[in-house]
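K.L.:
From the two separate chains plus the hints, produce the assembled complex.
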Amino acid sequence: MKTTSYISRQVENLKPSGIRRFFDLAAQMDDVISLGVGEPDFVTPWNFIEQSFHALEQGYTSYTENAGMIELREEISNYLSGSFQLDYDPNEQLVVTVGASQAIDLALRTVVEPGDEVIIVEPSFVAYVPIVSLAGGTPITIQTKAEDDFKLKPEQIEEAITPKTKAIMLCNPNNPTGTFLNKEELQQLAKVIEKHDLLVLSDEIYAELTYDDNYTSFPSIEKMKERTILISGFSKAFAMTGWRLGYAAGPADIIAAMVKIHQYTMMCAPTMAQHAALEAMKNGRQSVQEMTESYKQRRNFIVSSLNEIGLSCPNPGGAFYAFPSIKETGLSSAEFAEQLLQEEQVAVVPGEVFGSGGEGYVRCSYATSIKQLDEAMERMKRFVEKRL
Amino acid sequence: MKEIEVELLKLIEKNANLKVEKIAKLMGKSIDEVSELLRDLEEKKAILGYSTLIDWAKVLDTEEVTAMVDVKVTPARGVGFDKVAERIYRFPEVKAVYLMSGAYDLSVSVKGKTMTEIGKFISEKLSALDSVLSTTTHFVLKRYKHDGIILHDDDDDDKRIVVSP
Ligand SMILES: Cc1ncc(COP(=O)(O)O)c(C=O)c1O
Chain A
0 MKTTSYISRQ VENLKPSGIR RFFDLAAQMD DVISLGVGEP DFVTPWNFIE
50 QSFHALEQGY TSYTENAGMI ELREEISNYL SGSFQLDYDP NEQLVVTVGA
100 SQAIDLALRT VVEPGDEVII VEPSFVAYVP IVSLAGGTPI TIQTKAEDDF
150 KLKPEQIEEA ITPKTKAIML CNPNNPTGTF LNKEELQQLA KVIEKHDLLV
200 LSDEIYAELT YDDNYTSFPS IEKMKERTIL ISGFSKAFAM TGWRLGYAAG
250 PADIIAAMVK IHQYTMMCAP TMAQHAALEA MKNGRQSVQE MTESYKQRRN
300 FIVSSLNEIG LSCPNPGGAF YAFPSIKETG LSSAEFAEQL LQEEQVAVVP
350 GEVFGSGGEG YVRCSYATSI KQLDEAMERM KRFVEKRL
Chain B
0 MKEIEVELLK LIEKNANLKV EKIAKLMGKS IDEVSELLRD LEEKKAILGY
50 STLIDWAKVL DTEEVTAMVD VKVTPARGVG FDKVAERIYR FPEVKAVYLM
100 SGAYDLSVSV KGKTMTEIGK FISEKLSALD SVLSTTTHFV LKRYKHDGII
150 LHDDDDDDKR IVVSP
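From first to last, the protein sequence lines are chains A and B. Taking numbering that gives the first Met the number 0, I'd label the letters of the first sequence as residues 0 to 387. Taking numbering that gives the first Met the number 0, I'd label the letters of the second sequence as residues 0 to 164.
These are calculated hints, taken from the structure and not from any lab test. Take every hint as true, because none was put in to throw you off.
With a Cα cut of at most 16 Å, we get these calculated EDC-like pairs of lysine to aspartate or glutamate:
1. K194(A) / E221(A)
2. K370(A) / D156(B)
3. K165(A) / E193(A)
4. K370(A) / E20(B)
5. K281(A) / E73(A)
6. K28(B) / E292(A)
7. K18(B) / E374(A)
8. K21(B) / E377(A)
9. K9(B) / E292(A)
10. K190(A) / E157(A)
11. K370(A) / D155(B)
12. K13(B) / E292(A)
13. K222(A) / D196(A)
14. K370(A) / D157(B)
15. K21(B) / E307(A)
16. K18(B) / D31(B)
17. K380(A) / E307(A)
18. K13(B) / D146(B)
19. K385(A) / E342(A)
20. K28(B) / E4(B)
21. K165(A) / D115(A)
22. K21(B) / D373(A)
23. K14(A) / E351(A)
24. K28(B) / D211(A)
25. K141(B) / E62(B)
26. K158(B) / E38(A)
27. K158(B) / D29(A)
28. K158(B) / D30(A)
29. K21(B) / E374(A)
30. K281(A) / E74(A)
31. K144(B) / D155(B)
32. K110(B) / E92(B)
33. K18(B) / D373(A)
34. K13(B) / E289(A)
35. K9(B) / E289(A)
What you are looking at is a predicted structure, and each value in this text was computed from that prediction instead of being measured.
Only chain B is shown next, with the shape it has when bound in the complex (with noise of 0.2 Å):
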């Protein structure tokens, strides 16, 4: 991947919201340029969505409710952990699917309006699926920091004197 490629993903990583002109701009590049790396990397599927970062508890009175569920499954033969891991990840309800090494096999983060709904849809769905040995569900109690943004640091403020030498 080229320099300015790499260099232009860094920023829309950071900031899915910056307007192609002002990419441009603190790229020195034109507004063509930008826009046709923009179309090569999205027809490439290395930028694959723009999505938003949202505290949703700071907008709904109930908080979302996330559950980091350890799943242990038996792999099918010829295709190892690939599917059951996409009969899991085609849910709506399951935001990300790991397969780790370790002491289970597949980490699943479920979404949920309730601890209830999550606690359903887990002996519903997950725990029945023929492969699926076990599962352990821990709840999210409190996130400090996700997808390298750090949360409620309402702390950014400019600390530096006015004008300074």
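Next comes chain A alone, as it looks inside the complex (with noise of 0.2 Å):
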């Protein structure tokens, strides 16, 4: 019997990740320095960890409530009120997912309808465009340009809109290209998106990775509040991406919506990395911006030098990745990665794969160790001299 014929023409059409493709490439090498990781390099503080065991040792092993342990709520509602001014009730306006990723997909089946237009920024993390897409919504692409720093402007998205926008995705600061808005940056896009009634989601799981300015969430911007599904989580900053816990906060007529399909599509996030994240939030400040020194570090040392080596990369605002201009090699972003790593065993990711206006860069995260990355600047230095 041949099965092809019974997967769902919309799964079928999903055009695979250009990521995946190259981690088949990169992953049958051996000794490659991989720029190409989107997490931490850090293992999770060991607090955290250990707060794990601690509640599994009481036998804490078994469901919690599908919105999340409420303690846990109730210490994610203190954070964001510390760190970022924002008021959210944790009885009714915050749910604890399995990643970002799940708040993200959450989030879009709530609000997405058939013919429903959501705009994706790009280069845009790679999960926005398919999940809109399996949400049965248009995904409709702005590109931001090199010229502006990547910055998106109001009249990109004015630009974008129809009659049938529904929804804006944010990224701030993004991956792949680091880029951070100010206040006052998106205070002007919240001009645009107040005119026209758009609903936003604003991933903002890199909240806490921002070296320059202070960090202002979207939400806490004047009346973008009652309009916005905040999506954050516990992988980047807290450095625990493998335990898979996220959350959104946002209006509570949403959040229940998002409960709805939450507690018939996956019960609850895993409780064991809840109770990690209970330390995480009682305790992980210190370890948060111990991590966040040693980024900004890297940060400043990978940027100068792959400007020195000719591959000119603005200075990024927050995350953990450099989106340096590969176009004076001559190369497509694509051929860049896959030479590179042929000749010199060092993986990046190919801007392509981060949406059209990713071409002519290549996304290097600097979530590596200083002795990786200053080896890998050596090799890319070789690559690049032969081709300048």
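P.N.:
Next up, the structure:
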């Protein structure tokens, strides 16, 4: 029996992720220095891990409430208010999810109806476009420009809006560009968003990892909280990718609707991870600060090294990615990444996988030891010198 | 102390072998600025030296022996414990001396080639001091972590997948 015909057309039509293809290539090789990793190089801080052991020893091995343990939601609520001046009711306006990934999925499935358009700002995290499609919506992409430091301009939103536009997905700081939008820039966007009555999905998973300016959470901007679903999680700043824990905060009716899907499809986020996250919220500040300082140093290092090599790279304000231009080499981003991998065993991610605006750039993650970064820069220098 | 001084010190505390050029790049400062900061910190004696943490067991046939000695002393009039502490810390065999609260007064770390050598030092030098009332010696059997560094930690390979979103 041939089973392909049983796969839904929608899934069949979904493009396989370009990251996946590149992973297969890199995984076959030895001695690869990878700048292709979208996660921290730090192991989860020991006190979080130890708290999870403790919870397991105490027998916390069952389901939790659908929306997540109330103690954890309370701590997240306190954290959001302490760090970002946000006020969310832990009982009604917060849901704990399996990574920010699930929060994005829940949010889009909750609001998107067939025919609805959702604006995605590219270069972007690879999951947004497919999730909008899976939710039955139509992704409309905007390409931010290198000359604007990959910052979204309000006019660009205006241009993309049609009567069918329902929501816009924002990501600040952004993966893969590391672009950081400050308060004034967000306020400009907020004006257009309000004018056109859009719903905002604000992915702020890298909010802690900003290096030069104070962070402004999108819903903290006047009148934006009522139309924003805030998405965040523990993966990046708390070095907890493998625990699979995130959350969404937003208007009570939307969160309740999200919990409805969550209760049938997931029941709840992993219990042992929720206990670790509880410790992260209560006693994680110091660890987050230390890791952030280290990322900042490595950002300084990689950005000045890339520019020295001849790959022009603006200073990214957040996350842990540098997004240098490789146009000078005359190669496409895929060619650059593949040849670099073959010749020098350094893995970077071709910009094109993050949407058409990413062509001409590669993503270099600097969540890697200084020693490895140093070696990677030597190898890239050799590679680029042959081509300039 | 200024924030950049703290940042610099934290960097070289972790790795005294970092070159000035690299420190400058990491901190986003010029080489001159960093050199000057280092000079200042050395002058202020905030930086006392640049030492290397060595696992001697990896290079020497015989492992070095370390003993932690709890020492009870009679403090001297006027100078308290400082005078006797000095008498003790001047010996090159002594690697560290701390004044402690609790059941004894000084915690003395002594290093030697063999247990016999350390035993000899304790009985002939340390215990023989007039102000030393008693000593209790504990030999170190295995070092797991020293100065914040986990030893024999061969498990530091990257467990992440090579490319991820
Ligand atoms: C912008 C962005 N959002 C969400 C995620 C998903 O993170 P999580 O591990 O919480 O599912 C990532 C991970 O790469 C990301 O970069």
